[in-house]
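There are 2 protein chains.
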Amino acid sequence: MSSKTFLAASLAVFCGTVALRSDEGMWLYNDPPRERVCAKYGFELTDAWLEHLQKSSVRFNSGGSGSFVSEDGLVLSNHHVGADALQKVSSAQKNYLRDGFYARSQAEEIPCVDLELNVLQSIVDVTARVNAAVTEGMSPDDAVKARRRVMAVIEKESLDATGLRSDVVTLYQGGAYHLYRFKKYTDVRLVFAPEQQVAFFGGDPDNFEYPRYDLDICLFRAYENGKPVKAPHFLKWSQKGAAEGELTFVSGHPGRTERLLTVAELEYLRDRQYPIALAYLKRREVLLRSWSERSAENARRAKDELFGIQNSRKARDGGHAGLYDPALMESKRQQEKALRVKFAANPAFSAAAGAYDRIREAQMKIARDERLHRLLELGHAFQSELFDIAHILVRAADEYPKADGERLREFAEAGRASMELGLFSDKPIHDDLEILNLSDSLTYLSEQLGAENPIVQKVLAGKSPRIRAAELIQGSRLRSVDERRRLYQGGAAAVAASNDPLILVAKSVDAEAREVRQRIEAQAEIKKQAHAAIAAARFALEGKGQYPDATFTLRLSYGVVKGYTSGGKAVPATTSLGGIFERSAEMEGRPPFDLPERWLKKRRSINAAVPFNFVSTHDIIGGNSGSPVVNRDGEFVGIIFDGNIESLVLGFAYEETQARALSVHSAGILEALRSVYAAKPLVDELVTGRRK
Amino acid sequence: MSSKTFLAASLAVFCGTVALRSDEGMWLYNDPPRERVCAKYGFELTDAWLEHLQKSSVRFNSGGSGSFVSEDGLVLSNHHVGADALQKVSSAQKNYLRDGFYARSQAEEIPCVDLELNVLQSIVDVTARVNAAVTEGMSPDDAVKARRRVMAVIEKESLDATGLRSDVVTLYQGGAYHLYRFKKYTDVRLVFAPEQQVAFFGGDPDNFEYPRYDLDICLFRAYENGKPVKAPHFLKWSQKGAAEGELTFVSGHPGRTERLLTVAELEYLRDRQYPIALAYLKRREVLLRSWSERSAENARRAKDELFGIQNSRKARDGGHAGLYDPALMESKRQQEKALRVKFAANPAFSAAAGAYDRIREAQMKIARDERLHRLLELGHAFQSELFDIAHILVRAADEYPKADGERLREFAEAGRASMELGLFSDKPIHDDLEILNLSDSLTYLSEQLGAENPIVQKVLAGKSPRIRAAELIQGSRLRSVDERRRLYQGGAAAVAASNDPLILVAKSVDAEAREVRQRIEAQAEIKKQAHAAIAAARFALEGKGQYPDATFTLRLSYGVVKGYTSGGKAVPATTSLGGIFERSAEMEGRPPFDLPERWLKKRRSINAAVPFNFVSTHDIIGGNSGSPVVNRDGEFVGIIFDGNIESLVLGFAYEETQARALSVHSAGILEALRSVYAAKPLVDELVTGRRK
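Chains E and U, in that order, are what the protein sequence lines are.
Each residue of the first sequence is one higher than the one before, counting from 1 in the numbering used here.
Each residue of the second sequence is one higher than the one before, counting from 1 in the numbering used here.
Since the hints were derived computationally from the structure, they do not count as laboratory data.
Bear in mind the structure is a predicted one, so any value in this text is a computation, not a measurement.
Hints may contain errors.
Stated by the list, open to error - Here are the computed lysine-lysine pairs in the DSBU-like style, where the Cα-Cα straight-line distance is at most 30 angstroms: (1) Lys-562(E) <-> Lys-55(E); (2) Lys-458(E) <-> Lys-528(U); (3) Lys-227(E) <-> Lys-184(E); (4) Lys-88(E) <-> Lys-314(E); (5) Lys-332(E) <-> Lys-458(U); (6) Lys-40(U) <-> Lys-463(E); (7) Lys-507(U) <-> Lys-569(E); (8) Lys-528(E) <-> Lys-562(E); (9) Lys-562(E) <-> Lys-88(E); (10) Lys-569(E) <-> Lys-458(U); (11) Lys-463(E) <-> Lys-314(U); (12) Lys-528(U) <-> Lys-314(U); (13) Lys-40(E) <-> Lys-94(U); (14) Lys-337(U) <-> Lys-458(E); (15) Lys-463(E) <-> Lys-562(U); (16) Lys-463(U) <-> Lys-314(E); (17) Lys-569(E) <-> Lys-303(U); (18) Lys-303(U) <-> Lys-303(E); (19) Lys-337(U) <-> Lys-314(E); (20) Lys-314(E) <-> Lys-458(U); (21) Lys-507(U) <-> Lys-314(E); (22) Lys-463(U) <-> Lys-332(E).
Unchecked claim - Facing chain E, according to a computed beta carbon distance under 8 angstroms, are these residues of chain U, among others: (23) Glu-209; (24) Gly-415; (25) Ala-451.
Glycine included, each C-beta is placed from N, C-alpha and C at the ideal position.
Isolated chain E (complex conformation) (with noise of 0.2 angstroms):
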């Protein structure tokens, strides 16, 4: 204990006299945090220590983190991550996805269909290069083609050279560009999953919050050339796992903050996008879910529908009340007001200066076309797949006709496949629900532009709001896959011959709906102009010791474990295995409370008091899913796999109040493993990180 201290003090002096800071930081591993670290927690972060952790670092192309657990091969994930992959090994008669798979034997090892796994193996930086392809009086458009074009050279060029996939990631806003290289595996096989009713124990009422008790969790081998790969790194077990108060760092792929949005910009997200985003999530959450309530028919049609709109609504519920925290605003007002004085100090930062004002006018200008473009554009008024479905035969008949290049986006040539393949599906579509569902929206379209609106009066053709999409619905001819590849097929003519009364009402409301929407991305546009000259002026000024907003690359995050305080609570930064059995008693077993046969088979023969779930003050997004949790010796303690709501506010700014990352701990995987799923072969190979 004293020795610790001591070594603790003299690194501390060894580190220099940096302030103390927070665990903020998603960073580069060509830029990590080695003085912070050093300085708040007296540890050195070495190009060994470094090198092995990046090396360990697994990313998944389907969205999501992991990591090398064994040096035969063996990759571990979140079950949530992996459940694309579990979907498309499934079949009829075996659900891996809902019921968990264990291969006893290599033989019994399932081939996963499209999945790759990227390991980052080295980093370049190539700004000057991307930079110097862009010449003094090219308009913008030109220079953003200039610069693909030499990324794309960039990319080749290393691909040939070196064997590896080549991507060249843009940081800081433009501010640089690395070239990042991967090795690829892409003959990865399915290991053991859990069933799903554990690793998403608490299902939609306890998404976001903690406690928790998931086993989120799924292994796979990755494969080449028919036999398990030779890992040149891994992480080594930790059987103990993550201690409290313990530095640990979580090494993965946050998929998308957005730190340097302006203050006049996180105002609006509060004060007016966030409000009707929300108050429409709860409409629409209650419509579904009352009649869900009605018949068991019901709730199974309405079910995908109803989670997609809790689980957003929770997201944002947790970001809205983030951004009412004054202290988080008033650092970004310091931050800002910091900035724009540098900016206005120097003339080479002209741009930067004047880009606060043309952001919050661009946003004065979004505000006022807000609310018609989620009605028209976002289809917020017209909440039916059918009318969809007429709205894109409309579209695509105007689009297709013109070159690639000057069509909407969603029509560009290369998403045409994919487009055609959901405008043909011939999944089910529901009349009552879309009636229930289309009625609802059209009311909500009479409440925002008022009753007396040319455009609702032009959609509801002076009928309720009821009777008319009941009319609107039954009168279609859209829900025969034929019929709508006859107006596909047919074009122009075909859809201005068409009586279909989707077709027309999609018809009547296009030309608004595409200037709505022309308006708001040419606002749009202004946005993501002044923040690159923002960006760039900023990554002048600041360079390195930044880390630049997330991008599904690689970075390193450090924190501690530790509780908090919510809702007048203290939250205990640790639950265990023991409790998972006592919520769902608590919950009187009822789903998504109820467990797995084999846990309630297994009870006496689990030890209860192993740790189960752990939060961590580590900054973490979406993406990170998957993630290992390390501690200094570099071992794995644990694997990030949720959030709480608290930490919804992360994508704006960095908190630590409340703010937690959500793992599970080694020890309480081993112990599963163990006790539940005999699984000792897999267990050995964790604890010794290789086969027997």
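Model the placement of chain U on the given structure of chain E, informed by the hints.
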């Protein structure tokens, strides 16, 4: 068949040539719709027929309707009308409300606590005498007092002369005054109630919906001098019951309608008040619901509030959808236009002629304050029981020192005891629910007024809503009843000295809350006077032949048993007893679709084909619950227990395309009593009209 057709045809000739109208109207018994019924259905409402139905009809002073169904004083109403009485005779050992009750002998009948039944004996028009009390030049205030005085005199005289309960009823917003004399029964005993499960089968999900399968009945017996009364009038039971398309009548006590609202008021409700209220209800519903799902204890704590919110939300959603019916709005517009032309043509109606504009102006002023009024005065910004207590304490200190007449309504001396009962109640207050509610409502406050608003800044004190809510709730000492008593008894001085955080917040917003309330009430008074002017003019012009807005006095409605179309689907008029088992199975027997043990056991004995519930076109509203439905022969064919969701517009206007009254069928009641409850004596009494 042909003779019936002939009879109808000949009667139609006899009835004259009045155009066929809808089944609209909640008609006065002393001004019944003789011509309309005769013209449309060829049926003559004779004095004897009317008197029999009137004197068989019963008013429940707890709010609801009923009827005598045997000469031995048996009174039938709804289970939900009887719920209060059932609750009051229940104990920890015997939960009659939940489990039902059946007195197999007279001795077993249980005397109800404070239940009063009224039977209307006579109606006398006293308009002239009431109006004579108001002399020229009286101020409006004095006029109100003079009217109240003469009404009290008339009531007293009548009571002394007849011994009957005598109430002067204000009709047509003051257009007419009628003296209603009631025979009163105060010894009322409980005879039969089914289980709540089957009385309110389908619970909230099926509330206001159809098809339904509810045995929403409760039987009482009226006693006098310790013996069952010999009822001079009672309804003969039709074993066949109501058939589709059959003309029937409803005799009951509709509580309140607002059919005279002007177009400006209706548009305001549709475009502003309802959308704001509904968004707020849905927000609260989602909040409490997702919290409830996190634990059984949460669910228990939020249950009553959540049910109340869902019930209001459903009712308002239904009413709101009704207001979107362009036909309804257009007919209101036409009606208003026609009246305004008539008023303008006659100088005697000048007050009425200008009234529409006065209402519109007042409505516009209310619109400006509506949001703030809801937030501060209706408490939408401060959803917390502890805050409510704080606000009452702050106001009580200000109000009680004033003269009785000068105080805010809720602090009138007459209500003081019940106010104190609430204030000093030791019912549990849950901190977690308090923080959840307050945190969300403070966020709502910020959203509605904007984060920069001075009220918001004052209330939040530089904290985020969730931090502030926790701090306020945890810092308050008002959960102690003693502390409340201390502040209440200490009056202004004690409240001024208190540094309880909730008292401080309540004080800080009280001035603004009072001001906005005063502004709203001033405009409401202007509207009330304008409505009285319109009603008086209208009554002078149209006089008899119209029906007044509902006033919880006996009214007659007519209509037919008839299905409808909803969401494009045909909804048949009648369900059958077998349907309840199918519905329960469809919902996998989960509450509120579970069936009582008794029903499950007796399933095979029940004739599944017997009609259970039915819908009809009668013009009803809350208060009609328990009203008998009778056929041309004055026989009991059903009992009203609900309206469908489309009927929720009936507060504003009659509608008969989709709006329907819901009843329990007389045949279904008999079959259930016979086959499920083995209540032969009761069945015999209903069938023969007397006890054996």
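- Message: With the threshold set at 30 angstroms, check whether the alpha-carbon distance from Lys-227(E) to Lys-184(E) stays at or below it.
- Response: 15 angstroms, holds
- Query: When you check the alpha-carbon spacing of Lys-463(U) and Lys-332(E), does it fall within 30 angstroms?
  - Reply: Roughly 16 angstroms between the alpha carbons, so the hint for Lys-463(U) and Lys-332(E) holds.
- Message: Is the interface hint satisfied for Glu-209(U)? The criterion is a beta-carbon contact with chain E at less than 8 angstroms.
- Response: 7 angstroms, holds
- Task: Could you grab the alpha-carbon distance between Lys-303(U) and Lys-303(E) and see if it respects the 30 angstroms cut-off?
- Result: 24 angstroms, holds
- For the pair supplied as a hint, Lys-463(U) and Lys-314(E), confirm whether the alpha-carbon distance does not exceed 30 angstroms. Answer holds: Lys-463(U) to Lys-314(E) is near 22 angstroms, not above 30 angstroms.
- Item | Distance restraint between Lys-562(E) and Lys-88(E), which requires alpha-carbon spacing of 30 angstroms or less | Since the Cα atoms of Lys-562(E) and Lys-88(E) sit roughly 37 angstroms apart, the hinted pair is violated (cutoff 30 angstroms).
- Message: So if I understand the rule, the pair passes when the alpha-carbon distance is 30 angstroms or less; does Lys-337(U) with Lys-314(E) pass?
- Response: 49 angstroms, violated
- Item | Given pair status - Lys-458(E), Lys-337(U), alpha carbons within 30 angstroms | The hint holds at about 25 angstroms.
- Sort out whether Lys-314(U) lies within 30 angstroms of Lys-528(U), counting only the CA atoms. Satisfied, since the Cα-Cα distance of roughly 28 angstroms is no more than 30 angstroms.
- Does Lys-314(E) lie within 30 angstroms of Lys-507(U) when you go C-alpha to C-alpha? Status violated; Cα separation ~34 angstroms.
- Given hint Lys-94(U) paired with Lys-40(E) - CA-CA distance at most 30 angstroms: Violated - the C-alpha atoms of Lys-94(U) and Lys-40(E) are around 66 angstroms apart, more than 30 angstroms.
- Take a quick look at whether Lys-332(E) and Lys-458(U) sit within 30 angstroms of each other, Cα to Cα. Measuring from Cα to Cα gives roughly 22 angstroms; hence the hint holds.
Comparing the model with each numbered hint stated earlier shows that hints 2, 8, 9, 13, 19, 21 and 24 do not hold.
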